[in-house]
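Sequences are here, hints too, so could you generate the full structure?
From first to last, the protein sequence lines are chains V and U. Each residue of the first sequence is one higher than the last, beginning at 1 in the numbering used here. Each residue of the second sequence is one higher than the last, beginning at 1 in the numbering used here.
Quick caveat, the hints were computed from the structure, so don't treat them as lab data. Every value quoted in this text rests on a predicted model; they were computed, and no experiment measured them. One or more of the hints may lead you astray.
What the hints assert, rightly or not - Pairwise CB distance ranges, derived in the manner of DEER restraints:
1. U:R26 - V:L589: 27 to 37 angstroms
2. U:L13 - V:V603: 10 to 20 angstroms
3. U:R26 - V:G604: 15 to 25 angstroms
4. U:F9 - V:A576: 52 to 62 angstroms
5. U:L13 - V:G604: 18 to 28 angstroms
6. V:L607 - U:L13: 16 to 26 angstroms
Unchecked claim - Partner residues are not named here, just some residues of chain U that face chain V (Cβ under 8 angstroms, in silico):
7. L19
8. I23
9. R94
10. I97
11. V99
12. T103
13. M105
Backbone N, C-alpha and C define an ideal beta-carbon position, used for all residues, glycine too.
Take a look at the letters that make up each chain.
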Amino acid sequence: MIPFLAWLLLLAPLLSAAAIHLYFRKNQTLSSLISTGSAALGFVSALILLPMDTGSVRFDWITIPGWNSQIQIGLELDKLAKGMMLVVTGVGVLVHIFSLAYMEKDESKARYFCGLSLFMFSMTGIVLATNFIMMFIFWELVGLSSYLLIGHWFQKDSAADAAKKAFLTNRIGDFGFMIGILMLWGIAGTFDFAGLAPGLAENTHSATLLGIAVLCIFAGAIGKSAQAPLHVWLPDAMEGPTPVSALIHAATMVAAGVYMMARLFISLTPDFAELATLLPTFSYTTIAWVGGITALLAALMATQQDDIKKVLAYSTLSQLGYMVMAVGLLKPEAGMFHLFTHAWFKALLFLGSGAVIYACHHQQNIWKMGGLRKTMPITTITFLIGTAALAGFPIITAGFWSKEQVLEAAFYGNNMPLFIIATAVACLTTFYMLRLFFVAFLGKHRSDDAKNSKEVGPLMKIPLIILAVLAVIAGFKPIAETIAPLFEYHEINLRSPALWASIGSILVGAAAAALLYLRSDKDPLENNPVAKLFRNKFYIDEGYAKVVKFGQDAVAAFIHFFDELFIGGLFAGGLARSASGVGKLFTRLQSGNLHGYSLIFGVGVLLLIYLTVFAS
Amino acid sequence: MASLNDYLFISGLLFAIGLAGVIIRRNIIVIFMCLELMLAAASLTLVAFSRFHASSESTLPHYDGQVFVFFIITVAAAEVAVGLAIIVALYRARQTINVEDLTSMRG
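Laid out in structure tokens, this is it:
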């Protein structure tokens with residue numbers, strides 16, 4: 001029963017993707033229903049598996065001769081994986097349902113749903129992987145499905161470019177990931193998660209080397225979870241359809257980096273307190289700082305974005321930074337808990353923005369919306385709940401509980417600079433989310449698109465309502481204990497400065513947002529030089545473009561020189577030139593002059609006579 | 001009586017005159033006539049050898065060469081007919097029989 005459900009979880013989406021691609025590509029409606037059905041099937045199996053006492057299902061896949069272990073395709077079914085699976089399939093099924101309405105009029109709906117199913121399969125593979133090789137394979141597969149879905153509207157240049165950028169940026173991180181996997185194999189002698197801790201205990205190893213291996217593996221997370229300095233692909237990935245942004249680029253795939261680090265840490269030792277002695281300080285401190293810096297940079301950039309999806313994208317970056325920071329502070333359970341709550345409310349916010357974009361005829365600029373609370377009341381309420389959860393509104397939202405854990409991890413981890421950064425990010429989060437909410441939903445209609453918008457249909461409304469409920473209750477102790485991966489209950493300490501700092505920062509952020517944006521029709525910070533820096537994302541993209549262009553030009557110039565000199569000049573070109581030279585020489589003989597011919601003929605005859613008669 | 005060498009000398013002279021004409025002259029009809037001259041030189045050689053080269057069994061000379069010359073004359077007559085026809089066709093097409101004007105085969 002357990003193996004069957006586990007395999008069903010993994011293979012149902014694959015079968016759906018294959019069936020759609022091979023047989024039902026012409027039948028758009030049937031394709032979308034098959035895909036949604038497979039997602040629902042996965043969700044049900046994840047739900048049934050959750051309370052069961054499960055181990056892992058393993059299956060030998062490749063045996064390498066002369067090597068004592070196998071590469072397995074296995075399904076790990078511990079609490080971490082099952083909790084994560086519930087997030088993936090839960091958000092997945094809601095996004096599928098939402099997509100049924102959102103993509104209703106799309107011409108290539110079948111291709112879209114095929115991509116979604118492929119993604120569900122790949123993501124399930126990452127979560128259930130029992131070893132690094134399997135995880136890496138599925139890691140690449142989510143990259144592929146993300147590429148396909150970002151580029152769904154590939155007729156638009158911007159979408160095709162964004163897909164390419166996402167793929168290439170991820171390659172950099174994945175290269176580090178692969179090196180890290182191989183290094184870890186060199187140290188511990190196994191790819192298997194379960195064998196990692198015994199392997200490390202058996203083999204003597206240098207702690208520094210282990211730290212470097214962990215950092216290399218973390219490079220994979222930097223790419224996939226879009227941490228600085230490889231964060232540039234995620235905002236561009238918003239070119240994809242909005243439900244895709246909700247599923248892949250907010251709730252699940254981008255969180256895979258955090259999940260992978262948690263999986264690595266839990267495999268190193270089940271007791272996270274031991275991590276500090278096992279790993280050298282530089283490794284986890286680097287991870288924490290990468291997370292902290294990403295959180296801060298992304299939050300600053302989010303304050304000046306005008307595209308509703310871009311604001312959410314930067315907010316995702318910033319929240320991922322929080323999770324990575326928690327992992328780096330050796331509190332993976334806090335990071336995973338934030339991942340868990342964040343998945344619900346960020347999916348909610350993205351689907352809410354999808355509903356808004358759908359209703360406003362694909363208008364994405366928040367300054368051209370306004371007054372949506374009158375035309376779209378349900379969306380407005382659910383979006384407000386999502387906003388409150390993201391800002392971490394005390395007690396009644398899920399975001400509060402998880403963010404509190406992250407802040408406490410920084411505070412009690414005795415890392416004051418990171419705690420200050422985290423608090424500043426909390427303040428900025430409230431600020432930019434309320435800016436978005438005030439501008440887009442309150443005030444008066446600022447364009448005809450907003451005036452003519454009307455509430456979306458039930459297929460979109462129901463996922464929003466379900467997610468809104470989850471965004472509130474997912475943080476409460478009984479629910480979190482049952483379904484959250486790696487949850488550890490924390491009593492809220494009323495005297496903790498972390499709590500008051502977070503509440504204070506929320507108030508400051510809310511007050512600033514209300515002051516600046518509650519009654520404005522255009523951005524009051526439009527001409528502020530600092531705000532301009534934020535709006536232009538610190539010119540990081542432009543800088544990268546310059547560096548890439550410079551490097552590429554240098555390489556291209558060298559190769560061009562080599563090509564011209566050796567290939568063109570000597571080998572291919574030289575052969576061609578000598579052939580044509582010889583040809584030219586012989587065309588001289590074809591003078592077209594009869595006298596010339598007869599002279600040669602006469603000389604030839606004389607030569608022949610001389611040779612035959614006199615020379616022999 | 002003239003010896004074999006005299007005939008061969010005359011033949012060589014005829015051939016040389018013919019070749020020189022082919023090489024030097026520009027009028028294609030003259031060139032054609034010179035070609036015939038070279039052919040005649042070759043025929044003369046054949047006849048001369050035939051006349052002076054006695055068979056080993058009898059005193060009669062070999063007549064093979066002389067018969068061969070008859071064939072050559074016959075074929076040459078046909079060849080002249082074809083050649084002159086070509087020249088006429090050429091003149092109709094190009095309005096010239098000067099070989100220096102006929103250079104369309106130049107590579």
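Structure-based check of each hint:
1. A hinted range of 27 to 37 angstroms for the beta carbons of R26 (chain U) and L589 (chain V) is inconsistent with their spacing of about 21 angstroms.
2. Checking the proposed 10 to 20 angstroms range against L13 (chain U) and V603 (chain V) shows it holds: the Cβ atoms sit about 19 angstroms from each other.
3. As the Cβ distance of R26 (chain U) to G604 (chain V) is approximately 22 angstroms, the hint placing it in 15 to 25 angstroms holds.
4. The hinted range of 52 to 62 angstroms is satisfied by F9 (chain U) and A576 (chain V), whose Cβ atoms lie roughly 55 angstroms apart.
5. A hinted range of 18 to 28 angstroms for the beta carbons of L13 (chain U) and G604 (chain V) is consistent with their spacing of about 20 angstroms.
6. For L607 (chain V) paired with L13 (chain U), a C-beta distance near 20 angstroms keeps the hint of 16 to 26 angstroms intact.
7. Taken as an interface hint, L19 (chain U) checks out: its beta carbon lies about 5 angstroms from the nearest beta carbon of chain V, inside 8 angstroms.
8. Taken as an interface hint, I23 (chain U) checks out: its beta carbon lies about 5 angstroms from the nearest beta carbon of chain V, inside 8 angstroms.
9. A hinted interface residue such as R94 (chain U) counts as satisfied when its beta carbon comes closer than 8 angstroms to some beta carbon of chain V; here the least separation is about 13 angstroms, so the hint is violated.
10. Taking 8 angstroms as the C-beta contact cut-off toward chain V, the hint placing I97 (chain U) at the interface is violated, the least distance being around 11 angstroms.
11. The restraint placing V99 (chain U) at the interface with chain V holds, with a minimum CB-CB distance near 4 angstroms, inside the 8 angstroms limit.
12. Look at T103 (chain U): its Cβ gets to within about 4 angstroms of chain V, closer than 8 angstroms, so that hint holds up.
13. At a threshold of 8 angstroms, the smallest CB-CB gap from M105 (chain U) to chain V is about 4 angstroms, leaving the interface hint in force.
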